[in-house]
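*Asks:* When the letters of the sequence shown are read in order and numbered with my numbering, they come out as residues 114 to 510.
Because the hints were derived from the structure by calculation, they are not lab data. Incorrect hints may appear among the rest.
No more than 20 Å apart at the CA atoms, straight line, and that leaves these computed lysine-lysine pairs for PhoX-like [stated by the list, open to error]:
1) Lys455 to Lys438
2) Lys460 to Lys438
3) Lys289 to Lys208
4) Lys208 to Lys321
5) Lys195 to Lys208
6) Lys289 to Lys321
7) Lys475 to Lys455
Simulated DEER-style distance windows between Cβ atoms [what the hints assert, rightly or not]:
8) Gly130 to Glu241: 15 to 23 Å
9) Tyr179 to Leu318: 23 to 31 Å
10) Thr343 to Ala229: 37 to 45 Å
11) Glu364 to Ala331: 45 to 53 Å
Cβ atoms here follow ideal geometry from the backbone N, Cα and C, with glycine treated the same way.
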Amino acid sequence: MTSSRRRQRKSRKAFLGQFFRWWGRELAALVPPALRPRNRPSPRMLWAGVEAGALVLWRLDGQKRYELGRVNLAAGDTASTKIAFDALRVKTGGKPVGICLPAAQVLRKEVVLPLAAAENLNQVLGFELGRQTPYTVDQAYYDQRVLREDLGSNRLHVLLGITPRTVVDEILAHFKNWGVTPHAVVASDELEGAGDCLNLLPRGLRPKANRSEYRLYAAMAGVTLVLFATLLAIPILKKREVAMELEPVLERARQQADAVNVLKQEQERLLAEYTFPFEHKVAMPSRVALLEEVTRILPDNTWLQQLEIHGMEVSMQGTTSSSAKLIGLFEQSGLLEGASYKSPLVKGRENEERFQLAVESKAIDPVVALAAQQALHENKTPAKAAGKPGKPQDKQP
Numbered sequence: 114m115t116s117s118r119r120r121q122r123k124s125r126k127a128f129l130g131q132f133f134r135w136w137g138r139e140l141a142a143l144v145p146p147a148l149r150p151r152n153r154p155s156p157r158m159l160w161a162g163v164e165a166g167a168l169v170l171w172r173l174d175g176q177k178r179y180e181l182g183r184v185n186l187a188a189g190d191t192a193s194t195k196i197a198f199d200a201l202r203v204k205t206g207g208k209p210v211g212i213c214l215p216a217a218q219v220l221r222k223e224v225v226l227p228l229a230a231a232e233n234l235n236q237v238l239g240f241e242l243g244r245q246t247p248y249t250v251d252q253a254y255y256d257q258r259v260l261r262e263d264l265g266s267n268r269l270h271v272l273l274g275i276t277p278r279t280v281v282d283e284i285l286a287h288f289k290n291w292g293v294t295p296h297a298v299v300a301s302d303e304l305e306g307a308g309d310c311l312n313l314l315p316r317g318l319r320p321k322a323n324r325s326e327y328r329l330y331a332a333m334a335g336v337t338l339v340l341f342a343t344l345l346a347i348p349i350l351k352k353r354e355v356a357m358e359l360e361p362v363l364e365r366a367r368q369q370a371d372a373v374n375v376l377k378q379e380q381e382r383l384l385a386e387y388t389f390p391f392e393h394k395v396a397m398p399s400r401v402a403l404l405e406e407v408t409r410i411l412p413d414n415t416w417l418q419q420l421e422i423h424g425m426e427v428s429m430q431g432t433t434s435s436s437a438k439l440i441g442l443f444e445q446s447g448l449l450e451g452a453s454y455k456s457p458l459v460k461g462r463e464n465e466e467r468f469q470l471a472v473e474s475k476a477i478d479p480v481v482a483l484a485a486q487q488a489l490h491e492n493k494t495p496a497k498a499a500g501k502p503g504k505p506q507d508k509q510p
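Construct the complete structure from the given sequences, taking the supplied hints into account.
*Replies:* Take a look at the structure:
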């Protein structure tokens, strides 16, 4: 039972995740291309790479590189290389730095996964890394980007980018000695292109996001919510004004309706008082009818010594040779029901048994009783008319 509930929760969670991803894609499609956010590093960033034993620092303007300087990694110790690198950064205003790798050092592959893997995509790709690439999760840095979701086949198409750790760890070691935290590790062809970039730097090594940007986004979201609330409030306020104008009219109509309801209730009360005796009389079978029904039901080998009628209950005492049939005979009656023995049967002489039996008279629907009486009256009226003496007709010759 518990496993089935867990499966149901997982299926609901997967459905909701799939729905919100679809909703996000549909909303993103409405945003103009110029306003859509791209997974690209900031154009203000400086980029570093290793060429011929030297760390090259450069910036990107459009799709062109502009070299800012070099630091010879083999010519000096950590202190001298740090001084040289700091001197280069001072010239550029201390802008953030990223690592740019040659395109040949980054392996990219399209991977097809089940759609449910979107919830923990990074973890799933970590498990799949050894099967999909020549590297294990301990030998490479990787990042991914969702290309598309195929809802028909329930498949997720992902672009996976991988680079060996040895390539990046060399530069990271120098940055660590220099007290520099890189912001990204990207491939050169993606950086110089116009599309999105895969950031191969693990999330744990990336610097924390600037809180001022979050504050700006929060302020923009707050302004958007205020405007949205204003748009919702204006029609509501207008409807409120109309409702206040109609309130006196509704109050008068309500008072008139209350007066009509009072008259209607009084009418129903008087009608109930007037018809109660008649309905009570019609709904209760007459004692003569009950006596006739009991006489008709009892078999010939049954004698009654006592019969009492109290309201709806008919009780009787007597002797019979057919005690096993009495209950069934009364249950077939149209006027009586609920037959039961009030005391155990007592054996008498020969095959006779003494019994005490009680039955309930059935309540008759007043509407049905009135209809039956009206039909009986209509049947009697033509019969009386046919029995009246009339003028004898002349016989035909």
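*Asks:* Do the alpha carbons of lysine 208 and lysine 321 lie within 20 Å of each other, as the hint requires?
*Replies:* Holds, at about 15 Å.
*Asks:* Just to be careful, I want the Cα atoms of lysine 455 and lysine 438 compared with a cutoff of 20 Å; is the pair within it?
*Replies:* holds, 16 Å
*Asks:* Just to be careful, I want the Cα atoms of lysine 475 and lysine 455 compared with a cutoff of 20 Å; is the pair within it?
*Replies:* holds, 19 Å
*Asks:* Need the status of pair lysine 460, lysine 438: alpha-carbon distance at most 20 Å?
*Replies:* holds, 16 Å
*Asks:* Given a hinted range of 45 to 53 Å, is it respected by the beta-carbon distance of glutamate 364 and alanine 331?
*Replies:* The hinted range 45 to 53 Å holds for glutamate 364 and alanine 331, with Cβ atoms some 47 Å apart.
*Asks:* Regarding the pair lysine 289 and lysine 208, is the alpha-carbon distance no greater than 20 Å?
*Replies:* holds, 17 Å
*Asks:* Measuring from beta carbon to beta carbon, are threonine 343 and alanine 229 in 37 to 45 Å?
*Replies:* holds, 40 Å
*Asks:* Does the alpha-carbon distance linking lysine 195 and lysine 208 stay inside the 20 Å limit?
*Replies:* Distance of about 16 Å is within 20 Å: holds.
*Asks:* Take a look at whether the Cβ-Cβ distance between tyrosine 179 and leucine 318 falls inside 23 to 31 Å.
*Replies:* holds, 27 Å
*Asks:* Within 20 Å, alpha carbon to alpha carbon, are lysine 289 and lysine 321?
*Replies:* holds, 16 Å
*Asks:* Quick check on a hinted range of 15 to 23 Å for glycine 130 and glutamate 241, using CB atoms only.
*Replies:* holds, 19 Å
In summary, the structure agrees with every hint in the numbered list given earlier.
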